[in-house]
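**Student:** Now for the letters of each chain:
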Amino acid sequence: MKLRYVLLLLGVLAFVSLFIGVSSLSITDLFSMTEEQREIFWSSRIPRMLSILIAGAGMAVAGLVMQQLTQNRLVSPTTAGTMDAARLGMLVSILFLAGAPALVRIGTAVAFAVAGTFIFMFILERVRRKDPIFIPLVGLMFGNILGSITTFFAYRYDLIQNMTAWLQGNFASVISGEYELLWLTVPVLLFTYWYADRITAAGMGESFARNLGVSYRTVINTGLVSVALITSLVVLSIGMIPFLGLIVPNLVTIFRGGHMRKNLPYTAVAGAAFVLICDIFGRTIIYPYEIPIGLTVGVIGSGIFLYLLLRRGRHGS
Amino acid sequence: MGVKQKIVILFIMMLLLITAFLTIGADGNWEYVLQRRGRMVAAFILTGAAITYATIVFQTITGNRILTPNIIGLDSLYMLLQTFIVFTFGSLSVVMVRAELNFLLSTILMVGFSFLFYRLLFKGESYHLYLLLLIGFVFGTFFSSLTTFMQVLIDPNEFQTVQNRMFASFQRVQTDLLYVAGAGFILLTAIGMRSRRMLDVLALGRSHAVNLGLDYQRLVRHLLILVTILISLATALVGPIMFLGLLTANVTYEFMRTHEHRWLLPAGMLVGINTLLTGQIIVEHVFTFETTLSVIINFIGGVYFLWLLLRKEKHR
Amino acid sequence: MIFAETLVKKYGGTAVVDNVTASIAQGKMTTFIGPNGAGKSTLLSMVSRLLSRDGGSVSIDGTPMEHVEDKELAKRLSILKQSNEMSVRLSVRDLVSFGRFPYTRGRLTDEDEQIIDDAVAYVELQEIENKFLDELSGGQRQRAFIAMILAQDTDYILLDEPLNNLDMRHSVQIMKVLRSLVDDLGKTVVLVIHDINFASCYSDYIVAMKYGKVEMEGRTWDVIHPEHLKKIYDMDFQVQEVNNQKICVYFS
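Residue numbers (the UniProt record's numbering), protein chains in the order written: chain A, 1 to 317; chain B, 1 to 316; chain C, 1 to 252.
In short, the hints are calculated from the structure, not lab data.
Where is the CB? At the ideal position from N, CA and C, for every residue including glycine.
A few of these clues could be false.
[Unchecked claim] No more than 30 Å apart at the CA atoms, straight line, and that leaves these computed lysine-lysine pairs for DSS-like:
1) C:Lys131 / B:Lys6
2) C:Lys210 / C:Lys176
3) C:Lys246 / C:Lys210
4) C:Lys75 / C:Lys28
5) C:Lys131 / B:Lys4
6) C:Lys246 / C:Lys230
[What the hints assert, rightly or not] Distance windows between CB atoms, simulated:
7) B:Leu15 / C:Met86: 47 to 53 Å
8) C:Arg107 / B:Arg311: 33 to 39 Å
9) B:Met1 / C:Met86: 23 to 29 Å
[Said to hold, decoys possible] A few chain C residues that don't get close to chain B, going by computed Cβ distances all over 12 Å:
10) Leu50
11) Ser87
12) Trp221
Chain A on its own, in the form it takes in the complex:
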């Protein structure tokens, strides 16, 4: 499929999604909106659609970058502790930096996500058994450790239910004025596209990268920081969206092979489309109520991930 067609499909989906919601607003109203409708359109529908596109593309690309860096198709922000680290950072910023400016609090979450991802990479270097299926299990255990630390503090300050709410990805609360943080993801995404070939080279290993004149450490570190940035921005503004970074890049690879720079735009578009479809689905199935994106992606994603795992298992690897 040409990228052009995929983009067209995405555009149509995005347009349709603008007219789904509790307050009545149909396509025919587009050029004769009442004041109230205009308000909803600009302050709720448009921001929601945009945040879906950005978050979907962001998480999918973050997964792709992680997979390239670790040379493991099962690693992603969900299976490397990045999401859990970001969540721990959020908790710390809420508990200890309540009065600090927003930028400081965001910075804290990002710093935790960066640190968490680095620790994961550090553990990877230490683990002798390089079994490709073992690596994500290590990441999951690491994520659970971070989770247990988060719980320890959340319990003491009676924030368990609040933590649960942040944990769950949800676009329903996205309104203009509160989601703009997510836009920071866009320059990072463009940067990873520009940087893609270097990431591929570094993923091949230190000696391989050296041989091509690529500074191994710098590329690995830059790649990890990008991933952590994207992930923490999404977790902060939307919540956790499981599996996205895992399944979208893998599906794209099945159809298109493994060249990272060529795949990156597809991965971004496919990630956005996937979340958009899940969101439309979640908003219509029990209309007028809606199912949060964390649940829809969690359920659909589990199914696809299982399929990918079993498909792989059958090839005897």
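Once you have looked at the hints, place chains B and C on chain A.
**Tutor:** Chains B and C only, in chain A's frame:
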């Protein structure tokens, strides 16, 4: 120090800890205090022993020391059930109030799930063992997604009931449940103990185990089922406590320094019990109940484990 | 005798071992040779029940393999694969003791201890028998695993690239040990080896595989011939006789 002496030391430690736990700060109504705390001691012995035992067996089967049997999503399933009950029937429904009903339902659900799980995956082609665990984890995430969804919608007052279930609690354990779980536990460990020498061989890895004449596939399937039933029993009895086994199993390896399961398994049970007793004493007298035992254990277990992963790897 | 009939193993549609029929002569040393990916190790794994078969059958002394109980089979046939990573920390002696497991199920008698002593001595590891495996060099570790197989005392001994990680002296030492097992104790040894000259100097029979099929089999003296080797490896060989052994020269 020989392995036997080490086990004796662990045993004496257990007796001391039990005495300390029963008596420290127990003024006034002795009969009441002893009865209440005695019940907790029984719960500690059961869960500490069962979880550590199961974790050691599990780690031997999987050939590494950083995985826990909880990874296949049993905790998540337990939480899903508890949340579902509160969500649909409320915190005062009969399954929430009647502990034995809850215990029964949880055990059946978890054991049933794992049977189905292993049955599907051991049928036909033999899948990679780690793949199996990863698939289990996917189920776990699937359950958690549903759980989170319901938890967010639950009324904050009702949520308190769910929250209580999120953390293992030893206070609310009922005497008759202890008998049931205890009987199951003794039966299962006795069965498991018969395989202690085969476990030594399993630890060498699959190809050596097959070479030395073990019916690998069958043995592993049986042991995995044993492990999940033990974990299910413990979880249904007190609630989820993910990092306990990881912590205690690894402490056991470090302390015992043997590969023989006839020593590792009993020592592990004692370490498990001692860890819970120590933890509870700390919760009561250092944190004065500001936190719960399972939160502390998961915290300490998690940090210890992180240290295990990060330290210079000499032998593993 | 081990007899493998029309064995098949497929991975994702492609047959790695494709309808292979081969017999292993009793009391001899048989070596499998062939280029990378020829299916030698896969075949060995299927014969030793480490790997399930997609077709065909294996019989041992006339009985189909699946009719022999696992415990019994472990007393008659042993297999050592090339990679032996393990999660437990064992001493050399602990490891070798496991060779007695099929007989004792873990309870060692004095007789077993004697057999273990002999096995350790056979591979010259007596001095370091209480060292842990992770403290040994690659060659020492390999010999420790071979000692375990010796302690297992089976009629059939299957080894997948046993000379991996070994220097010349230790390779020769291991091959001599295996040769004496055949000559003195009447065991049947089956090997997968990459070094054609070790195969030529030590084995009685050679089975050459290529693309999952048996390309050629026969007495070592007959198989080691420039024309045959060219067919197997697609390269030119010179074969020279040195001290009554055929040596292949293929370096230029």
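**Student:** Given the hint that Lys210 of chain C pairs with Lys176 of chain C, does the C-alpha gap stay at or below 30 Å?
**Tutor:** holds (28 Å)
**Student:** Is the Cβ of Leu50 of chain C farther than 12 Å from every Cβ of chain B?
**Tutor:** Non-interface label fails for Leu50 of chain C: nearest chain B Cβ at 5 Å, not farther than 12 Å.
**Student:** Are the Cα atoms of Lys131 of chain C and Lys6 of chain B separated by 30 Å or less?
**Tutor:** holds (22 Å)
**Student:** Regarding the assertion that Ser87 of chain C does not contact chain B, is the least Cβ-Cβ distance greater than 12 Å?
**Tutor:** Violated, since 5 Å does not exceed 12 Å.
**Student:** Please test the hint of 33 to 39 Å on the beta carbon pair from Arg107 of chain C and Arg311 of chain B.
**Tutor:** holds (36 Å)
**Student:** Can you tell me whether the CB distance of Met1 of chain B to Met86 of chain C sits inside 23 to 29 Å?
**Tutor:** Given range 23 to 29 Å: holds, Cβ gap about 25 Å.
**Student:** Is it true that the CA of Lys131 of chain C sits at most 30 Å from the CA of Lys4 of chain B?
**Tutor:** Distance of about 22 Å is within 30 Å: holds.
**Student:** Next pair to validate is Lys75 of chain C with Lys28 of chain C; report whether the Cα-Cα distance is within 30 Å.
**Tutor:** holds (18 Å)
**Student:** The hint says 47 to 53 Å between Leu15 of chain B and Met86 of chain C; measuring C-beta to C-beta, is that right?
**Tutor:** Violated, at about 36 Å.
**Student:** Would you check whether the claim that Trp221 of chain C is not at the interface survives, using Cβ distances to chain B and the 12 Å cut-off?
**Tutor:** Holds: least Cβ distance 32 Å, greater than 12 Å.
**Student:** Keeping to a limit of 30 Å between CA atoms, is the pair of Lys246 of chain C and Lys230 of chain C held or broken?
**Tutor:** holds (16 Å)
**Student:** Are Lys246 of chain C and Lys210 of chain C close enough, with their CA atoms no more than 30 Å apart?
**Tutor:** Distance ~22 Å between Lys246 of chain C and Lys210 of chain C Cα, so the pair holds.
Checked against the numbered hints given earlier, this structure breaks hints 7, 10 and 11; the rest are met.
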